[in-house]
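In case it helps, our numbering puts the sequence shown at residues 1145 to 1318.
Don't take every hint at face value.
Claimed, not checked - Listed below are the simulated SDA-like cross-link pairs for lysine to any residue, each with C-alpha atoms no more than 20 Å apart in a straight line:
hint: 1; residue 1: Lys1285; residue 2: Ile1260
hint: 2; residue 1: Lys1157; residue 2: Lys1247
hint: 3; residue 1: Lys1256; residue 2: Glu1199
hint: 4; residue 1: Lys1253; residue 2: Gly1166
hint: 5; residue 1: Lys1187; residue 2: Gly1166
hint: 6; residue 1: Lys1254; residue 2: Ala1198
hint: 7; residue 1: Lys1256; residue 2: Glu1185
hint: 8; residue 1: Lys1247; residue 2: Ser1221
hint: 9; residue 1: Lys1164; residue 2: Ala1250
hint: 10; residue 1: Lys1157; residue 2: Phe1192
hint: 11; residue 1: Lys1164; residue 2: Gly1197
hint: 12; residue 1: Lys1157; residue 2: Gly1225
hint: 13; residue 1: Lys1157; residue 2: Val1180
hint: 14; residue 1: Lys1170; residue 2: Ile1224
hint: 15; residue 1: Lys1191; residue 2: Phe1168
hint: 16; residue 1: Lys1157; residue 2: Ile1243
hint: 17; residue 1: Lys1212; residue 2: Lys1223
hint: 18; residue 1: Lys1184; residue 2: Gly1197
hint: 19; residue 1: Lys1157; residue 2: Ala1250
hint: 20; residue 1: Lys1310; residue 2: Ser1292
Because the hints were derived from the structure by calculation, they are not lab data.
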Amino acid sequence: MTIAEKIEYATDKKIVTFFKEGLFYKCYNEDAMVFVQKIKEYKVSSKFIKSIGAEVLSLGFPVSEVEKGNLSMANVSEKIGAKAFEENEGNIVFSLTDINIKKDYATWKKSKQEEIIETVKEPTILYQHQPTMVDIVSMIKNFDLANSTPMQGLSFIQQLKLEAQKIEEYNGNI
């Protein structure tokens, strides 16, 4: 089954489909929204699919969750208000009673995409080591001047200058 066909299934307001892909069940777009809102909060991924020319939101969960009973299909059916569910070619299809369950998809998609963008934009500077004067003094004390070439000495001075500039940027002074 192609991704375009899976997306078409996801837009059907009468059903929710979990597609079996290897060791995982995956759901797309509207079905992913229903899963996150009604069943369990899972991480939603966003990916641009060239063949359909659109951004696709999806989530996946291991088949073992179903096999172990951690995520029973009867329980899922109850949570989403489905009349029944059936297994069809390895995929699980839920027949919905409430056709309005997927109506706020556009708003949800926009908020999820903004969430994903914010995660990517999160400043990496927070996770980087910020040099201090103690670090520079330690570098100077540990530099082996007796066994260094003039070029290594110049390189070391350049490194010290860069560290001092970083301190100045973060703290506003040296």
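We went through each hint and held it up to the structure:
no., hint, result
1, Lys1285 x Ile1260, "violated (45 Å)"
2, Lys1157 x Lys1247, "holds (8 Å)"
3, Lys1256 x Glu1199, "holds (12 Å)"
4, Lys1253 x Gly1166, "violated (26 Å)"
5, Lys1187 x Gly1166, "holds (19 Å)"
6, Lys1254 x Ala1198, "holds (13 Å)"
7, Lys1256 x Glu1185, "holds (12 Å)"
8, Lys1247 x Ser1221, "holds (19 Å)"
9, Lys1164 x Ala1250, "violated (25 Å)"
10, Lys1157 x Phe1192, "violated (23 Å)"
11, Lys1164 x Gly1197, "violated (23 Å)"
12, Lys1157 x Gly1225, "holds (13 Å)"
13, Lys1157 x Val1180, "holds (16 Å)"
14, Lys1170 x Ile1224, "holds (16 Å)"
15, Lys1191 x Phe1168, "holds (18 Å)"
16, Lys1157 x Ile1243, "holds (5 Å)"
17, Lys1212 x Lys1223, "holds (19 Å)"
18, Lys1184 x Gly1197, "violated (29 Å)"
19, Lys1157 x Ala1250, "holds (14 Å)"
20, Lys1310 x Ser1292, "violated (25 Å)"
Violation of the numbered hints given earlier is confined to hints 1, 4, 9, 10, 11, 18 and 20; the remaining hints are satisfied by the structure.
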